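Participant: Here is what each chain is made of, one letter per residue.
There are 2 protein chains.
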Amino acid sequence: MTGYRFGPHLISESQIFFKSNLTIGIVNLKPIAPSTLEDVHVLVIPKRNTPRLADLDNDETVDLMLSAQKIGNAVEQHYGCSSLTMTIQDGPQAGQTVPHVHMHIIPRKAGDWTNNDDVYQELDKKKQGVDNEDRTPRTEREMSAEASELRTYFNLD
Amino acid sequence: MTGYRFGPHLISESQIFFKSNLTIGIVNLKPIAPSTLEDVHVLVIPKRNTPRLADLDNDETVDLMLSAQKIGNAVEQHYGCSSLTMTIQDGPQAGQTVPHVHMHIIPRKAGDWTNNDDVYQELDKKKQGVDNEDRTPRTEREMSAEASELRTYFNLD
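From first to last, the protein sequence lines are chains A and B.
The working numbering applies: residue 1 is where the first sequence begins, and numbers increase by one.
The working numbering applies: residue 1 is where the second sequence begins, and numbers increase by one.
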């Protein structure tokens, strides 16, 4: 385990594929994904645990977005995609289930979802995230393998 | 009309409620909205017209996000909301209909949509944006009134 948390949950080092000064990128314990995208769905979170985007100071906000841009490029390239869905559910009334600022990044390609924005229905209905009891969490080994691949884009040991 | 464009479309000065060095905030010609939110749905766009987030340089990316944070605070406060949906459909396979980077910001409150993420279905199905022929565009007067209200948060003349 690292010293980092996602809301109340301790983050395992094996989940982390990106680190900057104020931000980390993690693979998702319970990703949403159509079969064509091999469960790809990553989260970009500030190291400091705070629920709302408005709580971040300028340095944290800037670092979050520059990190998201880099991470988006990497996952799009790595999975042979051509677009990205990038969403912050900022607060519980926007569907946020873990009270820690996080941007969902989901690489997209033609035909990945029957209706383009079914991706969002999945984000909601399946209550992605660590607190969804309807989904089977991935194993440490699966998460570690995905993170290892993505880590190569960022020279992270 | 201003010198600014949203994709191929010229932006009217009356639509603009926020300006920073590299970013503008505009009210939407064809917003999605449940009745409880009075058609609130704003867009944050870089002044430079480029389709993908990856095309933005660091200054533009930083300015976009810091602007989005400020604009989110203002619309949430102004409409008595408690959360924000913030989404970038980055590329056509993610549902982007106007090839110009833009973040959708939709203030949220409890009960505004029957299912929380119906908001995204609306973003897709109704093809929000200037190129959706199924939706009736708002009048210049309606857009101007909304922009005038929001402008007061930013000391924009």
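It should be emphasised that the hints constitute simulated quantities derived from the structure, not laboratory data.
Note that the structure is predicted; figures quoted are calculated from it, not measured.
Be careful, since some hints might not be right.
Identical chains blur together in the list; that is why a pair holds if it fits in one copy or across any two.
No farther apart than 30 angstroms at their CA atoms in a straight line, the calculated lysine-lysine pairs in the DSS-like style are these [as the list claims (entries may be wrong)]:
1) LYS70 - LYS19
2) LYS109 - LYS19
3) LYS47 - LYS70
Participant: All the hints need checking, so say for each whether the structure fits it.
Facilitator: Checked hints:
1. LYS70 - LYS19: both (11 angstroms within a copy, 26 angstroms between copies)
2. LYS109 - LYS19: Result: close within a single copy only, 26 angstroms intra versus 33 angstroms inter.
3. LYS47 - LYS70: Answer is both; intra-copy 17 angstroms and inter-copy 21 angstroms each pass.
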